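Enquirer: Using the hints provided, position chain B relative to the given structure of chain A.
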Amino acid sequence: MSALASARPERLVKDIASLRARFPALAQEVHGKRLAYLDNAASSQCPDVVLDAMLEQQRRNHANVHRGVHALSERATEAYEGAREKIRAYLNASGVDEIVFTRGTTESINLVASSLGSRLELGDEVLITQMEHHSNIIPWQLVCERTGAQLVPAPITDRGEIDLDEFAKLVNERTRIVAVAHVSNALGTVNPVEQIIELAHRVGAYVLVDGAQAMAHMRVDVAALDCDFYAFSGHKMFAPTGIGVLYGKRELLDRMPPYQGGGEMILSVSFEKTVYNALPYKFEAGTPNITGAVALGAAVDFLNTIDFDAVAAHEHALLEYATEKVLALGARVIGTAEHKAGVLSFVLDRVHAHDVGTIVDSEGVAIRTGHHCAMPVMERFGVPATARASFALYNDLDDVDRLIAGLERALEIFA
Amino acid sequence: MNDLKDLYREVILDHNRAPRNFGELDGADRVVEGVNPLCGDRMTLYVKIDEGRIADIKFKGSGCAISVASSSLMTERVKGATVEESMTLFDKIHEMLAGNGAALDELDKLAALAGVREFPTRVKCASLAWHALKTALSGAEDRVSTE
Numbered sequence: 001m002s003a004l005a006s007a008r009p010e011r012l013v014k015d016i017a018s019l020r021a022r023f024p025a026l027a028q029e030v031h032g033k034r035l036a037y038l039d040n041a042a043s044s045q046c047p048d049v050v051l052d053a054m055l056e057q058q059r060r061n062h063a064n065v066h067r068g069v070h071a072l073s074e075r076a077t078e079a080y081e082g083a084r085e086k087i088r089a090y091l092n093a094s095g096v097d098e099i100v101f102t103r104g105t106t107e108s109i110n111l112v113a114s115s116l117g118s119r120l121e122l123g124d125e126v127l128i129t130q131m132e133h134h135s136n137i138i139p140w141q142l143v144c145e146r147t148g149a150q151l152v153p154a155p156i157t158d159r160g161e162i163d164l165d166e167f168a169k170l171v172n173e174r175t176r177i178v179a180v181a182h183v184s185n186a187l188g189t190v191n192p193v194e195q196i197i198e199l200a201h202r203v204g205a206y207v208l209v210d211g212a213q214a215m216a217h218m219r220v221d222v223a224a225l226d227c228d229f230y231a232f233s234g235h236k237m238f239a240p241t242g243i244g245v246l247y248g249k250r251e252l253l254d255r256m257p258p259y260q261g262g263g264e265m266i267l268s269v270s271f272e273k274t275v276y277n278a279l280p281y282k283f284e285a286g287t288p289n290i291t292g293a294v295a296l297g298a299a300v301d302f303l304n305t306i307d308f309d310a311v312a313a314h315e316h317a318l319l320e321y322a323t324e325k326v327l328a329l330g331a332r333v334i335g336t337a338e339h340k341a342g343v344l345s346f347v348l349d350r351v352h353a354h355d356v357g358t359i360v361d362s363e364g365v366a367i368r369t370g371h372h373c374a375m376p377v378m379e380r381f382g383v384p385a386t387a388r389a390s391f392a393l394y395n396d397l398d399d400v401d402r403l404i405a406g407l408e409r410a411l412e413i414f415a
Numbered sequence: 001m002n003d004l005k006d007l008y009r010e011v012i013l014d015h016n017r018a019p020r021n022f023g024e025l026d027g028a029d030r031v032v033e034g035v036n037p038l039c040g041d042r043m044t045l046y047v048k049i050d051e052g053r054i055a056d057i058k059f060k061g062s063g064c065a066i067s068v069a070s071s072s073l074m075t076e077r078v079k080g081a082t083v084e085e086s087m088t089l090f091d092k093i094h095e096m097l098a099g100n101g102a103a104l105d106e107l108d109k110l111a112a113l114a115g116v117r118e119f120p121t122r123v124k125c126a127s128l129a130w131h132a133l134k135t136a137l138s139g140a141e142d143r144v145s146t147e
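Protein chains in written order, with our numbering: chain A, 1 to 415; chain B, 1 to 147.
Next comes chain A alone, as it looks inside the complex:
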């Protein structure tokens, strides 16, 4: 091992211990060892402020929203709509009517694919990339099957980057929708979404950005990006599961037909005609996940206290440190893009990813193994599965060292 690989980086968040202390789940032991939680790309842990907000909402303010005239319903509505405003401000959207609460990224994408996608016609094209998560492939596949439009996957390079020249060639006057990940879940690649949005807009196509993997790692400004839609999940940005957001430009959401029918999304109903509610309620049929939304608002409050430049440097330092260490063990790293978020996907020659996962788990280290819901990516790199360590702002060098010790154990067992 080189001296460089064993040197511990210095560009780390200074007071990592007090930051970690805010995440109660991190304080536990697993199989008798301190938990090293490195599965953040699958789901991140919640800080105390998020947990407190959830409990408070359930203990005191539990009621339905937008319905009752009683105090609890008013408080619930205030908390729910307050969360929407927090998210609007955080994303720099122009109005709360552009913030639709969903169950998560998957539902957000399905909403756009079903609603906007219903206007697709034979000969139209939906352009995605080879690195998309299944949730940014299948909704488009379904709507293409229904409408006769064609799904076009843009190729990626050996490093796991979108081949922009090839991408540009695939954008044409038939392209109606472009759907692309901001950050790849399987490779960690940060995609040049600004350039992609500009290319797409030149031909009048709409752009949906899958931001599931971006929100915990960078500040997202939808106005600056000029994307038409931005989809993300709460549980990958320190909030619980079951809540997510679709940001959409007002003029587009306005013109789109409803996605699901039910209560809340209507103004008046008769058996002859229903008048739909205003945005964003037109897309929020049924009683929403109120506590989830409140928790997501609290997660945004938490993120507002975070210096993202410091976090990016911290996660990058962890990634570099971990990358050098796994390479020194002879691993092949899948995804070596120039711009990467804290995702390290790799395979060991002698040990299948699934065995790696079990062995490091016995050391208290949580990683993800498998195809990461991105089977076309696995196929592109000729591997059935990878092991993936993914970092969040609360991870430290000990977490990485523990992973490496677990990998050494795996190599020992499979010597």
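These aren't lab readings, by the way, just hints derived from the structure by calculation.
Heads up, some of the hints might be wrong.
[Unchecked claim] With beta-carbon atoms standing in for the labels, derived distance ranges: (1) A/Glu-320 x B/Lys-109: 56 to 62 Å; (2) A/Arg-332 x B/Asn-100: 37 to 43 Å; (3) A/Phe-308 x B/Pro-37: 33 to 39 Å; (4) A/Glu-320 x B/Gly-27: 52 to 58 Å; (5) A/Gly-262 x B/Gly-139: 45 to 51 Å.
If you're wondering where the values come from, they're calculated on a predicted model, not measured in any experiment.
Where is the CB? At the ideal position from N, CA and C, for every residue including glycine.
Expert: Relative to chain A, chain B alone:
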């Protein structure tokens, strides 16, 4: 905690390193594809049946050590056995993996798979080959998934 040594016993590691009956089988009567979507295990099982006996059996594919070793051990054991014997064996393996206290001594070498019981997320890896075998012998379908 659960002991890794119990999961990765020498027999398992050996069959993973050097799987027996690995490859395609020309003239197979039954070809079944098995997938375990959780970890990306994928295997194809080839079976040649002659007068109610498994005359030859091979498998190919890629998977974790548990899945490869289980496939290898299985083919080694059922080659030459009758279809009926193999179906009975499937039930015993199923019982063992479900933790219902199957008679391990009857299973001989296959008892090495017993360690998987303590690792619930890995039971599907061990059972994939056996489900493929059952499907092949009952001849109903040509594809099996552990999901």
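Enquirer: Each hint needs a verdict: does it hold in this structure or not?
Expert: So, going through the hints one by one against the coordinates:
1. Separation of A/Glu-320 from B/Lys-109 is about 46 Å and departs from the stated range, judged on CB atoms against 56 to 62 Å.
2. Taken as a hint, the range 37 to 43 Å holds for the pair A/Arg-332 and B/Asn-100, whose Cβ atoms sit roughly 41 Å apart.
3. Judged by the Cβ atoms, the range 33 to 39 Å given for A/Phe-308 and B/Pro-37 holds: they are separated by roughly 36 Å.
4. Between A/Glu-320 and B/Gly-27 the C-beta distance comes to about 54 Å, which sits within the given range of 52 to 58 Å.
5. Separated by about 47 Å at the C-beta atoms, A/Gly-262 and B/Gly-139 satisfy the suggested range of 45 to 51 Å.
When held up to the earlier numbered hints, the structure conflicts with hint 1 and nothing else.
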